[in-house]
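**Q** Sequence:
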Amino acid sequence: MKGKLLLVLSIVLALVFFLILSYRENSVKPRSSYKTSAIKGFHLARKAGDRIKWELTAESADFQEGNNEIFLSDITVKIYQEKEIILTGGKGNYSVQEKLLEIGMPVEITMDGSVLTTNSLTWHGEDEVMTTRDNVSLKGKNFLMQGKGLTVNVSDRKVKVLKDVQGIFYR
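The sequence shown begins at 383 in this note's numbering and counts up by one.
Rather than coming from a laboratory, the hints here were simulated on the basis of the structure. One should not assume that every hint holds.
Claimed, not checked - With a cut-off of at most 20 Å between alpha-carbon atoms, the simulated SDA-like pairs for lysine to any residue come out as follows:
hint, residue 1, residue 2
1, Lys-481, Asp-509
2, Lys-521, Asn-535
3, Lys-435, Glu-466
Unchecked claim - Derived CB-CB ranges, DEER-like:
hint, residue 1, residue 2, range
4, Asn-535, Val-497, 11 to 21 Å
5, Phe-445, Lys-523, 40 to 50 Å
6, Thr-418, Lys-465, 37 to 47 Å
7, Thr-418, Lys-521, 33 to 43 Å
8, Ile-421, Asp-546, 36 to 46 Å
All C-beta atoms, glycine included, are put in the ideal place defined by N, C-alpha and C.
Work out the full structure, taking the sequences as your base and the hints as a guide.
**A** Here you go:
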């Protein structure tokens with residue numbers, strides 16, 4: 383009787399030991415480092431000769447193998463013109479080949495003491511043009527302008543709200 387009990391107990395212990403060794407957690411699957419890379423404190427500068435035209439910084443950047451896009455978070459773009467333009471946003475994608483930055487909310491542009499807010503924005507780095515199809519709000523010291531859609535030509539310093547434009551001017 384003791385022999386049978388010892389045999390059953392040994393089999394149960396062996397099964398428990400086997401189950402413990404064979405357990406694998408399926409919820410976490412690490413990615414291989416050669417397929418995806420991440421950087422904290424990303425910085426990219428676009429130069430024309432010795433002069434920096436604009437700088438892109440982000441708190442973090444993810445690069446995926448075979449993809450020409452960089453996935454960014456906590457984005458700041460500084461555009462160096464006569465007066466500095468600062469563009470900030472939440473998350474976005476930067477296309478390396480096209481020099482195109484798409485930014486998601488919240489998006490804010492500060493220029494000449496005015497602040498523009500919108501939900502998304504595309505920065506065309508080569509042409510130095512910003513565009514959106516979303517609702518926009520442009521607030522300055524003496525005005526508030528709202529509408530839908532926007533084009534900003536940085537080199538000409540021209541802002542064009544595309545439709546449904548409403549404006550309030552203060553004295």
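**Q** Against each hint, give a clear statement of whether it holds in the structure.
**A** Results for each hint:
For a cut-off of 20 Å, the pair hint linking Lys-481 to Asp-509 stands: about 9 Å separates their Cα positions. Simply put, Lys-521 and Asn-535 have alpha-carbon atoms about 18 Å apart, close enough for the 20 Å limit, and the pair holds. Taken as a hint, the Lys-435 and Glu-466 pair is honoured in the structure, with Cα atoms around 10 Å apart against an allowance of 20 Å. In this structure the hint that Asn-535 and Val-497 lie 11 to 21 Å apart at CB holds, the actual value being about 18 Å.
The hinted range of 40 to 50 Å is satisfied by Phe-445 and Lys-523, whose Cβ atoms lie roughly 41 Å apart. Remark: the range hint 37 to 47 Å for Thr-418 to Lys-465 is upheld by a beta-carbon distance near 39 Å. Checking the proposed 33 to 43 Å range against Thr-418 and Lys-521 shows it holds: the Cβ atoms sit about 40 Å from each other. As the Cβ distance of Ile-421 to Asp-546 is approximately 40 Å, the hint placing it in 36 to 46 Å holds.
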